[in-house]
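Take these sequences, add in the hints, and give me the full structure.
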Amino acid sequence: MKKLRELYVSCKARGLTKEQDEMIRRELVAAEKAGDVDLYHNLQPPIRPLSMYGYNDYQMLHGGAAPEPTPISSVHSLDYLLEKDSQREKDGFPRKIRIGKLVKPGRDGDEKVVVVPTTVEEKLIHDKVRLDEEEEGEGEGGSDGGSGEGEEGEVIGEQPVRQEDGAGTGAGQGDAASHEIESNAYDLGRVLTEQFALPNLRDKGKKRSLTRYTWDLTDKNRGFGQVLDKKATLRRIIQTNIGLKRISGQGRIDTTDLLMSPRDRVYRILSREKDYESQAVVFFVRDYSGSMSGKPTELVVNQHVLIYSWLIFQYEKQVETRFVLHDTEAKEVDDFNTYYNSKVAGGTQVSAAYKLVNKIVEDESLEKDYNIYIFHGTDGDDWDTRGDEAIPELKKMLGYAARIGVTIAENGYGISGKTEVETYLRKSGLLEEWRNNLRLDVLSKDATETRLIDGIKKLIA
Amino acid sequence: MELISQHAKKIMEGCKERARDAGLTFQDESLEYIVTNRDMLELGPKNMIPTLYDYWVQDVEILKETGRYELYPSNPYETVINTRPPISFYNDNNPDWLNVMIFYHVIGHIDFFQNNIYFRHTWDYDFSSKAISDKRLIAMLRSEKGHWVDYVIEFAKAVDNLVGYYETLAGYARPDGRRITMLDYYFDVFLQKHQKKSISGYVKEIEDYNKKIKENPEKGEQLFLETVKSKYTELESYYKKHVAQDAGRSRMDILQFLIEHSPFLKKEENRWMATVIEVIRTTSLYFQPQIRTKILNEGWASYWHEELFLRDDRIKGHEVEFAIINAKVTSMPRVGLNPYALGMRLFYYLEEKANKGKFDLEFSRLYDSYARSKYDLQKNKGRDYIFYVRENFADSMFVNSFIDQDFVDKHKLFVVGKKLNKERMTWQYYVKSREADEYRKMVAEQLYHPPSVTVDVTEAGTLVLDHKFENKPLLREFVDGSLMGVEFLWGGPVALYSSEPIPIKVDETPSLAGPEEKMRKQYVWKRFKYTMKGRKLSRELAE
Numbered sequence: 000m001k002k003l004r005e006l007y008v009s010c011k012a013r014g015l016t017k018e019q020d021e022m023i024r025r026e027l028v029a030a031e032k033a034g035d036v037d038l039y040h041n042l043q044p045p046i047r048p049l050s051m052y053g054y055n056d057y058q059m060l061h062g063g064a065a066p067e068p069t070p071i072s073s074v075h076s077l078d079y080l081l082e083k084d085s086q087r088e089k090d091g092f093p094r095k096i097r098i099g100k101l102v103k104p105g106r107d108g109d110e111k112v113v114v115v116p117t118t119v120e121e122k123l124i125h126d127k128v129r130l131d132e133e134e135e136g137e138g139e140g141g142s143d144g145g146s147g148e149g150e151e152g153e154v155i156g157e158q159p160v161r162q163e164d165g166a167g168t169g170a171g172q173g174d175a176a177s178h179e180i181e182s183n184a185y186d187l188g189r190v191l192t193e194q195f196a197l198p199n200l201r202d203k204g205k206k207r208s209l210t211r212y213t214w215d216l217t218d219k220n221r222g223f224g225q226v227l228d229k230k231a232t233l234r235r236i237i238q239t240n241i242g243l244k245r246i247s248g249q250g251r252i253d254t255t256d257l258l259m260s261p262r263d264r265v266y267r268i269l270s271r272e273k274d275y276e277s278q279a280v281v282f283f284v285r286d287y288s289g290s291m292s293g294k295p296t297e298l299v300v301n302q303h304v305l306i307y308s309w310l311i312f313q314y315e316k317q318v319e320t321r322f323v324l325h326d327t328e329a330k331e332v333d334d335f336n337t338y339y340n341s342k343v344a345g346g347t348q349v350s351a352a353y354k355l356v357n358k359i360v361e362d363e364s365l366e367k368d369y370n371i372y373i374f375h376g377t378d379g380d381d382w383d384t385r386g387d388e389a390i391p392e393l394k395k396m397l398g399y400a401a402r403i404g405v406t407i408a409e410n411g412y413g414i415s416g417k418t419e420v421e422t423y424l425r426k427s428g429l430l431e432e433w434r435n436n437l438r439l440d441v442l443s444k445d446a447t448e449t450r451l452i453d454g455i456k457k458l459i460a
Numbered sequence: 000m001e002l003i004s005q006h007a008k009k010i011m012e013g014c015k016e017r018a019r020d021a022g023l024t025f026q027d028e029s030l031e032y033i034v035t036n037r038d039m040l041e042l043g044p045k046n047m048i049p050t051l052y053d054y055w056v057q058d059v060e061i062l063k064e065t066g067r068y069e070l071y072p073s074n075p076y077e078t079v080i081n082t083r084p085p086i087s088f089y090n091d092n093n094p095d096w097l098n099v100m101i102f103y104h105v106i107g108h109i110d111f112f113q114n115n116i117y118f119r120h121t122w123d124y125d126f127s128s129k130a131i132s133d134k135r136l137i138a139m140l141r142s143e144k145g146h147w148v149d150y151v152i153e154f155a156k157a158v159d160n161l162v163g164y165y166e167t168l169a170g171y172a173r174p175d176g177r178r179i180t181m182l183d184y185y186f187d188v189f190l191q192k193h194q195k196k197s198i199s200g201y202v203k204e205i206e207d208y209n210k211k212i213k214e215n216p217e218k219g220e221q222l223f224l225e226t227v228k229s230k231y232t233e234l235e236s237y238y239k240k241h242v243a244q245d246a247g248r249s250r251m252d253i254l255q256f257l258i259e260h261s262p263f264l265k266k267e268e269n270r271w272m273a274t275v276i277e278v279i280r281t282t283s284l285y286f287q288p289q290i291r292t293k294i295l296n297e298g299w300a301s302y303w304h305e306e307l308f309l310r311d312d313r314i315k316g317h318e319v320e321f322a323i324i325n326a327k328v329t330s331m332p333r334v335g336l337n338p339y340a341l342g343m344r345l346f347y348y349l350e351e352k353a354n355k356g357k358f359d360l361e362f363s364r365l366y367d368s369y370a371r372s373k374y375d376l377q378k379n380k381g382r383d384y385i386f387y388v389r390e391n392f393a394d395s396m397f398v399n400s401f402i403d404q405d406f407v408d409k410h411k412l413f414v415v416g417k418k419l420n421k422e423r424m425t426w427q428y429y430v431k432s433r434e435a436d437e438y439r440k441m442v443a444e445q446l447y448h449p450p451s452v453t454v455d456v457t458e459a460g461t462l463v464l465d466h467k468f469e470n471k472p473l474l475r476e477f478v479d480g481s482l483m484g485v486e487f488l489w490g491g492p493v494a495l496y497s498s499e500p501i502p503i504k505v506d507e508t509p510s511l512a513g514p515e516e517k518m519r520k521q522y523v524w525k526r527f528k529y530t531m532k533g534r535k536l537s538r539e540l541a542e
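Which chain is which? The protein sequence lines are G and S, in order.
Following numbering that gives the first Met the number 0, the numbering of the first sequence begins with 0 at its first residue and continues without gaps.
Following numbering that gives the first Met the number 0, the numbering of the second sequence begins with 0 at its first residue and continues without gaps.
It should be emphasised that the hints constitute simulated quantities derived from the structure, not laboratory data.
Please note that the accuracy of each hint is not assured.
Covered by chain S, according to a simulated footprint, are these stretches of chain G (three or more residues, beta-carbon under 8 angstroms) [what the hints assert, rightly or not]:
1. 83 to 93
2. 147 to 157
3. 428 to 434
Listed below are the simulated DSSO-like cross-link pairs for lysine-lysine, each with C-alpha atoms no more than 27 angstroms apart in a straight line [claimed, not checked]:
4. S:LYS535 x G:LYS127
5. G:LYS89 x G:LYS457
6. G:LYS83 x S:LYS45
7. S:LYS535 x S:LYS525
8. S:LYS265 x S:LYS228
9. S:LYS535 x G:LYS83
Even for Gly, the Cβ is constructed at its ideal location relative to N, Cα and C.
The following block contains the structure:
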């Protein structure tokens with residue numbers, strides 16, 4: 000905290016406008032107040048039926064949760080459904096299959112993300128009167144039934160705030176557990192590519208051939224070779240002896256009595272194998288400062304799920320990914336789940352993240368062997384208000400990156416289109432100068448999934 | 000799927016006997032199947048009816064979306080389905096005592112299906128065999144027409160929640176096709192709807208009528224009608240219009256109207272679509288009563304499994320195990336609305352009330368709470384009364400008629416409110432109200448309630464859908480897709496009238512409660528007209 004304060008003072012010394020000061024103070028307060036920090040953006044509500052129609056005999060009497068039907072168990076394959084969906088477009092109707100994801104809460108917070116195609120049947124149905132979406136729940140919001148003790152007005156329980164239409168649906172029981180993000184992401188990527196006609200990345204500046212050869216003891220050869228495969232040899236010997244009627248079905252086999260031909264020996268032999276080399280490394284960089292709490296985080300991680308899935312498909316699972324989180328300091332995390340689920344905290348300094356990316360690239364000399372893509376998601380706040388530190392780092396990144404995509408998901412506190420990051424990016428002129436390598440996408444707080452996908456097109460095209 | 004073992008079947012037959020002795024009525028035959036989880040996955044999207052027609056949406060995972068339960072109201076995991084004979088589903092590893100409990104629950108449902116008048120349109124045929132012929136029909140059409148069959152299913156399903164369920168029931172109630180008389184029309188419709196008479200004015204009219212009958216028993220009615228006709232010259236034309244409407248299109252639901260009048264479906268090459276639409280319509284009608292009797296149906300089944308299980312001599316020694324499961328099923332959650340628990344408690348409550356004669360006028364005039372609690376005429380008519388309720392009520396009537404303060408107090412019920420605590424960033428649940436009125440309103444608000452939409456055609460050939468205003472807007476995201484389907488089936492432009500809340504600015508006077516207390520935004524209802532033409536939706540103010 001002290002460090003943050005110091006940083007704030009140094010920022011202030013450099014001169015801040017009133018709005019900038021407010022923005023920094025807000026995050027500072029949020030960071031210092033413990034209550035705000037331990038906030039998972041996708042915390043699941045306690046499991047109970049959505050409405051009274053959610054109660055059912057199977058669950059109540061047989062004591063089991065009703066299994067959620069998943070596309071894995073469906074009669075038709077995903078391909079069939081997608082083909083059907085593209086046929087709709089040809090017939091002049093809008094597509095109907097969308098991308099959804101399930102978050103399965105696990106113990107110790109290791110939640111699993113499962114991506115699935117979804118559809119919704121549109122009907123004329125009643126809606127609630129929605130005017131106070133921001134303050135939902137402050138007034139009349141969602142009354143429900145209850146029973147037991149308690150005076151009128153007495154608080155009987157509480158639940159951490161989560162996004163109203165958070166991450167897909169409730170607990171996906173049963174089947175959902177067995178699907179890791181990778182295998183599903185591949186499917187999602189395919190869906191994305193086909194469905195939304197995302198442009199394919201050009202193989203820009205390919206520095207090395209995609210394939211190379213290694214030698215390995217993988218082929219088998221009878222008669223001679225480098226290493227004897229004992230199991231396979233024994234099998235051949237038995238086959239030969241059965242053929243010679245020296246072994247019958249019944250009785251013990253006398254091994255000393257077996258005949259052995261030279262061709263029964265099976266060896267492993269050195270052979271040339273194709274070896275694929277990753278040709279892209281992708282950095283996902285996410286701002287997880289206090290002001291990202293809620294919708295901005297949701298938007299950014301959703302977009303990154305989509306990009307990640309799509310890349311995995313595009314490069315046949317050969318893309319390498321690195322995940323970086325930052326507030327005022329940056330750190331690298333191991334996997335997508337951690338990246339996806341990390342809680343929000345602290346202040347914001349974009350430059351810290353850029354510095355870390357540069358350091359990783361330099362230390363591991365990734366530049367030489369890989370196409371490098373960097374996707375950065377933030378709400379646009381930056382304590383380094385003029386980008387004095389971020390811009391030089393960004394320039395350095397542009398030196399090697401094939402594409403940098405910056406997504407700004409506005410948190411709704413400031414004025415739209417006037418966030419720090421957007422302002423200094425535009426002012427720097429880098430967007431024009433490096434039109435092919437640097438892209439910016441600004442999302443408003445209420446962006447939909449379709450908007451996210453349009454955003455991806457913008458970042459990647 | 001396989002049938003349950005002979006051993007279990009014998010237990011089931013024993014349960015039926017005991018249930019009959021207790022007064023339940025249902026047909027003799029029933030089918031019980033063992034299902035695996037895999038079966039469940041496949042049966043789920045088909046509402047547990049294996050013979051239901053195939054449709055690709057069943058293949059796609061259906062996630063929680065806005066208004067999911069409004070879209071898929073009929074509970075997919077019901078263990079009993081209302082067919083002839085009724086079919087129920089079981090796990091294969093249930094112990095006998097648990098099966099007995101479930102059997103009784105199932106018998107409760109079967110009794111309800113076969114006696115509650117809201118199911119009367121399902122009594123004459125077996126849905127599962129109708130479904131299989133529909134399934135074959137659709138499969139056959141699919142082989143001829145390809146994916147266009149799916150479009151027709153999709154578009155018909157876009158309005159299949161608006162089927163004329165009550166109109167269908169009304170047809171069963173009055174098989175003679177009797178029409179409303181002018182006198183009935185005058186009192187029931189004209190005075191109330193067109194003249195908007197006050198109660199005293201209305202009573203005066205009745206007195207006038209009674210006087211005329213007394214004076215002249217033979218011609219009194221005619222004389223009375225003559226006078227009112229001369230008093231309200233428009234009465235006769237209104238009456239004729241009403242009769243014509245009654246017999247004609249205004250009573251049709253959208254799907255029926257399309258089948259009868261759509262110029263597009265009338266074309267020779269499109270006739271097959273009408274048969275598909277009819278399949279969707281009858282299927283939807285079949286599922287309608289289930290969703291409208293959830294509390295009653297589950298309450299009734301829970302009431303009986305508890306009553307009958309405890310009396311059953313065959314499973315002595317399993318009372319504790321039973322109690323654990325039963326408590327899970329029928330306990331009132333601290334927060335949430337469990338229809339099993341609420342329904343069962345209401346049945347017990349009504350039985351007790353009727354036993355003590357508390358439905359008498361005398362009791363309702365009693366205000367002394369002590370006297371009220373001690374009131375007991377020992378009428379012992381409780382069972383008869385709940386059987387009457389089981390036969391004649393649907394959820395909305397059940398809830399609105401019987402949840403009173405005594406009931407709410409007895410079970411310590413309350414309405415839960417939810418508010419945001421910004422300091423702790425949590426939603427806090429609190430006891431909002433213990434008033435019976437509020438509780439009843441809250442339950443009624445949660446009940447399934449599809450919009451009421453009437454159909455008409457303009458002279459230019461535009462299909463006009465009029466959404467009746469009930470203080471609720473339509474879900475706007477879905478209007479586009481739904482109307483596009485209707486336009487396709489109609490073959491011309493479609494207009495929809497609906498009301499929407501429009502926020503109005505309130506003068507920012509500093510409130511005494513301070514800036515923290517935000518004023519609730521105000522709004523006015525405005526009527527809008529949506530027009531779907533050439534698959535493009537437009538929206539304009541209709542007033």
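Hint by hint, here is what the structure shows:
Given as covered by chain S, the stretch 83 to 93 of chain G passes the check, having 6 residues with a CB less than 8 angstroms from a CB of that chain where 3 are the minimum. Coverage of the stretch 147 to 157 of chain G by chain S holds in this model, with 11 residues showing a Cβ closer than 8 angstroms to a Cβ of that chain against a need of three. Closer than 8 angstroms: that is the beta-carbon criterion, and the stretch 428 to 434 of chain G has 0 residues meeting it against chain S, so the requirement of 3 is violated. Under the criterion of a C-alpha separation no larger than 27 angstroms, the hint pairing LYS535 (chain S) with LYS127 (chain G) is consistent with the structure, at around 25 angstroms.
Note on LYS89 (chain G) and LYS457 (chain G): the hinted pairing holds, with a Cα-Cα distance of about 25 angstroms set against a maximum of 27 angstroms. Restraint check for LYS83 (chain G) and LYS45 (chain S): the C-alpha separation of about 20 angstroms stays at or below 27 angstroms, so the hint holds. Proposed proximity of LYS535 (chain S) and LYS525 (chain S) is supported: the alpha carbons are some 22 angstroms apart, at most 27 angstroms. Distance hint between LYS265 (chain S) and LYS228 (chain S) is unfulfilled; the C-alpha atoms sit about 42 angstroms from each other, more than 27 angstroms.
At roughly 22 angstroms between alpha-carbon atoms, LYS535 (chain S) and LYS83 (chain G) fall within 27 angstroms of each other, so this suggested pair holds.
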